[in-house]
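Residue 272 in our numbering sits at position 272 of the sequence shown, and the numbers go up by one each step.
One thing to keep in mind: the hints can contain errors.
[Claimed, not checked] Below are the DSSO-like pairs computed for lysine-lysine, each with C-alpha atoms no more than 27 angstroms apart in a straight line:
#1 Lys174 with Lys67
#2 Lys71 with Lys174
#3 Lys174 with Lys68
#4 Lys126 with Lys67
Quick caveat, the hints were computed from the structure, so don't treat them as lab data.
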Amino acid sequence: MNQKTEITLASWLQLFILGVIWGSSFILIKRSLVGLSPVEVASFRIAIACVALMPFVITQFRQIDWKKWYKFLFVGLTTTGIPSFCFAFAQTHVDSATAGILNALTPIFTLLISVWLFNARFEWGKLAGVMIGFVGAGLLVYNAGGGVQGSNAWYSLLILLATICYGFNANAVKQFFPSTSSVTVSAVAFVMVGFPPLLYLIFSGSLIHAFQNPASHPSLMAVALLSLLCTVLANIVFYRLIQHTNAVFGSSVTFLIPVVASLWGLFDGEDFGIYHVISMFSILIALLIIRRK
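Hey, can you work out the whole structure from these sequences and the hints?
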């Protein structure tokens, strides 16, 4: 049954909140890396989300189609399992503003993967948008004064890998779980990929060390906020927004994330040059072109 969607002031408020939450994830990663290693940051992020969503999976256990376990696993790996490690390692050399801007390439990879693997119709007019987006990203990655310098440019490729994962994830959810609750898909996926990082934290001693070492407490708080706000809460807000409006409106959050991330970078004293501005607007223009019907 088709329901009429209405974009209200509350919808715009949810979109703004979502943009602020996801746009703040990059500065939280940066703060987490002060007292934790990249592996620990990624592991804590995934493990905390796993523990937070475990009650939902337990209460809905009988309603979950476990025959699709490998599909849930793929979704989990591409939505948080791989990207969490990519961003954690990348941001040891890439500033948070740059990470936020490059993250905006996600819809471009989503489009290309849908055409490549799922035979979606590709309008050649959108090719210009794709090219503009990649040129904008290239300027940011290889410019000596644009926040990613010298050999550090290779670390930015980890962010591109994360956005490719997000592109696979969006298409996989659409193809594998067309009628399954998005919250259920997200919860099961997070729980499935969460156990290995949780076990690593326990048996490696990282969990005990992080709690016993006062110097790690600020970073531990940052990664907890990263997981609970940017992973768990953000997904709930996003799914609610899609349910009450439409996918096109909900995906507009992509335009807000690099702006918020850049503002956090400026506030934190990061270098923000003309190439950041050019790259950000190039990618945003590319998104406008590829979203045209």
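Here's how the hints hold up against the structure:
{"no.": "1", "hint": "Lys174 with Lys67", "in the structure": "holds, 17 angstroms"}
{"no.": "2", "hint": "Lys71 with Lys174", "in the structure": "holds, 11 angstroms"}
{"no.": "3", "hint": "Lys174 with Lys68", "in the structure": "holds, 14 angstroms"}
{"no.": "4", "hint": "Lys126 with Lys67", "in the structure": "violated, 38 angstroms"}
The structure shown violates just one earlier hint, number 4.
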